[in-house]
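Enquirer: Everything in the sequence shown is counted per our numbering, starting at 96 for the first residue and increasing by one.
A portion of the hints provided could be inaccurate.
[Stated by the list, open to error] Per label pair, the in silico range of CB-to-CB distance:
(1) Asp114 with Gly181: 15 to 21 Å
(2) Arg134 with Ser173: 26 to 32 Å
(3) Lys175 with Arg206: 26 to 32 Å
(4) Pro204 with Glu144: 26 to 32 Å
(5) Ala188 with Val159: 30 to 36 Å
(6) Pro196 with Asp133: 19 to 25 Å
(7) Arg206 with Ala116: 31 to 37 Å
(8) Lys142 with Asn174: 16 to 22 Å
(9) Ala188 with Val160: 31 to 37 Å
Hints in this document: simulated from the structure, not taken from any laboratory.
For glycine and all other residues, C-beta sits at the position ideal for the given N, C-alpha and C.
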Amino acid sequence: MLRFLIDENVPVEIGLFLDSAGHDVLIVRRSPLVGSSDRVLWARAVKDERIIVTRNHDFPLVGVVGKPAGIVLLRPVSNKPSAVIGLFRDFWADADPGSLPGHIVVVQPGRVRSRVL
């Protein structure tokens with residue numbers, strides 16, 4: 096089981112999908128963290144040892160103390176929720192979830208890049 100923080104700019108359905116797969120999921124849009132700054136979300140992910148799933152180009156934050164368990168940056172071609180959800184599901188179908196901790200994973204249509212966080 097992994098722990099995830101689903102950023103506000105990611106469809107709730109992705110969090111629900113991960114939850115149904117047995118992971119511990121914090122969906123920002125459905126929590127008291129809604130509207131929080133990137134720094135607050137980062138700090139929460141660090142504290143809870145969560146992997147941040149986001150579309151935010153500002154992640155990873157530079158010069159901030161601590162690191163979350165990992166980051167999954169989604170880069171869909173379209174901003175439509177269906178495109179974001181489809182991109183994530185395609186990625187997840189081939190992903191090794193155990194390889195996510197400690198990494199920044201950039202997911203684009205047809206391409207996944209990963210590096211150490």
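Enquirer: All hints are to be evaluated individually against the structure, with a verdict given for each.
Expert: Quick rundown of the hints versus the structure:
no. : hint                           : in the structure
1   : Asp114 with Gly181: 15 to 21 Å : holds (19 Å)
2   : Arg134 with Ser173: 26 to 32 Å : holds (29 Å)
3   : Lys175 with Arg206: 26 to 32 Å : violated (19 Å)
4   : Pro204 with Glu144: 26 to 32 Å : holds (30 Å)
5   : Ala188 with Val159: 30 to 36 Å : holds (32 Å)
6   : Pro196 with Asp133: 19 to 25 Å : holds (20 Å)
7   : Arg206 with Ala116: 31 to 37 Å : violated (23 Å)
8   : Lys142 with Asn174: 16 to 22 Å : violated (30 Å)
9   : Ala188 with Val160: 31 to 37 Å : holds (35 Å)
Consistency note: the structure conflicts with the earlier hints numbered 3, 7, 8.
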